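Work out the full structure, taking the sequences as your base and the hints as a guide.
So the sequences go chain by chain: A and B. Residue 72 in the UniProt record's numbering sits at position 72 of the first sequence, and the numbers go up by one each step. Residue 35 in the UniProt record's numbering sits at position 35 of the second sequence, and the numbers go up by one each step.
Since the hints were made in silico from the structure, they are not lab data. Just so it is clear, the structure is predicted and the values come from calculations on it, not from any experiment. No residue lacks a Cβ here, since even glycine has one placed at the ideal position from N, Cα and C. Heads up, a few of these hints could be off.
[As the list claims (entries may be wrong)] Derived list of chain A stretches under chain B, where covered just means 3 residues or more per stretch with a C-beta under 8 Å from a C-beta of chain B:
#1 99-113
#2 117-129
#3 157-164
#4 170-177
#5 182-188
Here's the letter readout for the chains.
There are 2 protein chains.
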Amino acid sequence: MGRRSDHGREELEALILDTGREVMAESGYARFSAREVAKRIGYSVGTVMHVFGNVDGLVMEINARTFRHWSEWLEDRLEGTEGRGRILVLVRGYFDFAETHRNLWAAIYEHRVPEGMDMSETLAAQRVRLTGVIAREVAAVLPPNDAGDAAELTSSLIATVHGHCAFMLGGTFALLGVEHPAELAAARVMETLQARGALIGA
Amino acid sequence: MGRRSDHGREELEALILDTGREVMAESGYARFSAREVAKRIGYSVGTVMHVFGNVDGLVMEINARTFRHWSEWLEDRLEGTEGRGRILVLVRGYFDFAETHRNLWAAIYEHRVPEGMDMSETLAAQRVRLTGVIAREVAAVLPPNDAGDAAELTSSLIATVHGHCAFMLGGTFALLGVEHPAELAAARVMETLQARGALIGA
DNA sequence: TCGATAAATCGAACGCTGTACAATAAATAA
DNA sequence: TTATTTATTGTACAGCGTTCGATTTATCGA
Chain A
1 MGRRSDHGRE
11 ELEALILDTG
21 REVMAESGYA
31 RFSAREVAKR
41 IGYSVGTVMH
51 VFGNVDGLVM
61 EINARTFRHW
71 SEWLEDRLEG
81 TEGRGRILVL
91 VRGYFDFAET
101 HRNLWAAIYE
111 HRVPEGMDMS
121 ETLAAQRVRL
131 TGVIAREVAA
141 VLPPNDAGDA
151 AELTSSLIAT
161 VHGHCAFMLG
171 GTFALLGVEH
181 PAELAAARVM
191 ETLQARGALI
201 GA
Chain B
1 MGRRSDHGRE
11 ELEALILDTG
21 REVMAESGYA
31 RFSAREVAKR
41 IGYSVGTVMH
51 VFGNVDGLVM
61 EINARTFRHW
71 SEWLEDRLEG
81 TEGRGRILVL
91 VRGYFDFAET
101 HRNLWAAIYE
111 HRVPEGMDMS
121 ETLAAQRVRL
131 TGVIAREVAA
141 VLPPNDAGDA
151 AELTSSLIAT
161 VHGHCAFMLG
171 GTFALLGVEH
181 PAELAAARVM
191 ETLQARGALI
201 GA
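What follows is the structure in structure tokens.
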């Protein structure tokens, strides 16, 4: 078969991405397969490869979508909460998203961009965007004079929460008998913010 | 060919494990291959499978070895440092080990035990052992009355350092312009310990 | 409207993977 | 010496990502 007109280019991209997301959510990164995606949408493997270059390209776009979804999920959760509670909403939201979308979340961290290939623009952009949401909230609770290295502090806080979340879903905490990882992470974040004189509980 | 007597059972296990470690260090988890291990030691694939059950079994034993090596590496580094510096040695040691043995370290966290299979005894044991080394040092700097939930605190501190380390090696920090991840992690750990009244700098 | 060009899609081939299993050879037990 | 257990092999299978020539269709120019 040659050129078809079932879907335009963008339409096809979206179709592959949607189905790719579906397969990733079901099977996880280890069992993810571009061939399976092709089968489900009724196109051949070659077409999928042609659109995304290679399977790593497809995975990166799926991960970019997950980041975008994650940002929106957090923004939604922030709505209705004012002042002091917003940081806690972010921490809990981080955990809840990861738990709810286990495989999609894990795929972000299980996928390594191969040497010689670089990270897709959209993936980098969405990753930075998610950080931006958190940075905004962190800056809001810090005293104005400390705004200088707020970006670095934000990165550190995200790393802290991420570490707890990764240990929870990876089973490390279960092995060590830790029962409430999210509360533990929240405690670490609050300690750090209070050490900086953040207006928590004000 | 049938039964040979080149190596005893334990000898063969060790040979596979050594070579497996070698392949993992060179290629990383994504490109790790039991067939490649078999080729290097001059046995067939079937034999490797027979000894370790399946490739996940082999990976878990390799990871268990990495944990053991890591514990010893940390103990070595602790020697010669007294009192206050020991916590910092642990934090730096965590980062240094991960950087020096990038692929071996990453394999620990990139491998997911498949559903229906459970984590090997030795892997769980070595993982707990590493935690034990750190828990001992944390308990040593905490005020005696706080020893109750020292285990949970230790897990939280490890998660914090792990998060920073994972972001460093995964490229997240580079993307966000963070330059000194180890110092950042150390700062978080010290904050937490000081909030508990730990005898740092005493 | 017709022809040339460009783009998209397929399907087969390639080399790789982990797994399963029957055949075989050697070590061990009786 | 014979029978039995055990280790090892090689092959077969289904799946994977990647590559690429062939084919069909859309698009553009004249």
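Okay, the hints, checked on the actual structure:
no.	hint	verdict
1	99-113	holds (count 5)
2	117-129	holds (count 4)
3	157-164	holds (count 7)
4	170-177	holds (count 7)
5	182-188	holds (count 4)
The structure meets every hint from the earlier list without exception.
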